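*Asks:* These are the residues of each chain, in order.
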Amino acid sequence: DAGVTQSPTHLIKTRGQQVTLRCSPISGHKSVSWYQQVLGQGPQFIFQYYEKEERGRGNFPDRFSARQFPNYSSELNVNALLLGDSALYLCASSLSWGHSNSPLHFGNGTRLTVT
Amino acid sequence: AQSVTQLDSQVPVFEEAPVELRCNYSSSVSVYLFWYVQYPNQGLQLLLKYLSGSTLVESINGFEAEFNKSQTSFHLRKPSVHISDTAEYFCAVSEYPGGSYIPTFGRGTSLIVHP
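Chain order of the listed sequences is D and W.
Going by the working numbering, the residue at position 7 of the first sequence is 7; the numbering climbs one at a time, nothing skipped.
Going by the working numbering, the residue at position 91 of the second sequence is 91; the numbering climbs one at a time, nothing skipped.
Note that these hints are calculated values from the structure, not bench results.
These numbers come from a predicted model, not from an experiment.
Don't take each hint at face value.
Said to hold, decoys possible - Derived DSBU-like pairs: lysine-lysine, alpha-carbon spacing no greater than 30 Å straight-line:
#1 D:13 / D:52
#2 W:78 / W:49
#3 W:69 / W:49
#4 W:49 / D:30
#5 D:52 / D:30
#6 W:49 / D:52
Said to hold, decoys possible - FRET-style restraints, in silico, Cβ to Cβ:
#7 D:102 / W:1: 20 to 30 Å
#8 D:16 / W:79: 50 to 60 Å
#9 D:16 / W:69: 40 to 50 Å
Beta carbons: idealized from backbone N, C-alpha and C, even for Gly.
Build out the structure end to end from the sequences listed, making use of the hints.
*Replies:* Here it is in structure tokens:
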């Protein structure tokens, strides 16, 4: 079975631009989470979606938004990019929501560079 | 709110030597605890988890971690490391009940195994 897939793998944008990152979960997984990993830091939680509804939101500005589609894939949008948004963006899928014994399966991430 | 402290940013060790990666957490309720591993240019992979029961948990590749409630610790150990264990290791905590079940990650420990 295919794992979590993310696209694109790398992206270079200019300050002020907008970006959309995409994620396809493992088949059968209904929950998708997004994390931001700045170089040298652990992943920071951005959003969690389950059954197309937002179930959790981290401490990120409103420039960050996301959605989940009927096929459980997800997009993360970031508007008005800042230099500080440069990071590895990780998507993780899990079977369900609200159960910590449903482990997260991570994709390889999208490396975003803002210049 | 939950938090995780990984006390060492980098741990160098020689091949076949034992290693311990330290993790302490803070939470006002009960927790689930996890260790994830991240190899270069990849996403995170679940290494092992503590949900309940025996406080000593093991992974399939020789790592083990022990939940110590009084010390609020979940240190990761391996009696004999290999070159292939070189990676970034992240400790994570998730609160229950009443928590978000969304894991909070530490900033990571870079394990560097020298020949």
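*Asks:* Evaluate each hint against the coordinates.
*Replies:* Do the hints match the structure? See the list:
no.: 1; hint: D:13 / D:52; verdict: 28 Å, holds
no.: 2; hint: W:78 / W:49; verdict: 15 Å, holds
no.: 3; hint: W:69 / W:49; verdict: 15 Å, holds
no.: 4; hint: W:49 / D:30; verdict: 21 Å, holds
no.: 5; hint: D:52 / D:30; verdict: 8 Å, holds
no.: 6; hint: W:49 / D:52; verdict: 27 Å, holds
no.: 7; hint: D:102 / W:1: 20 to 30 Å; verdict: 22 Å, holds
no.: 8; hint: D:16 / W:79: 50 to 60 Å; verdict: 52 Å, holds
no.: 9; hint: D:16 / W:69: 40 to 50 Å; verdict: 49 Å, holds
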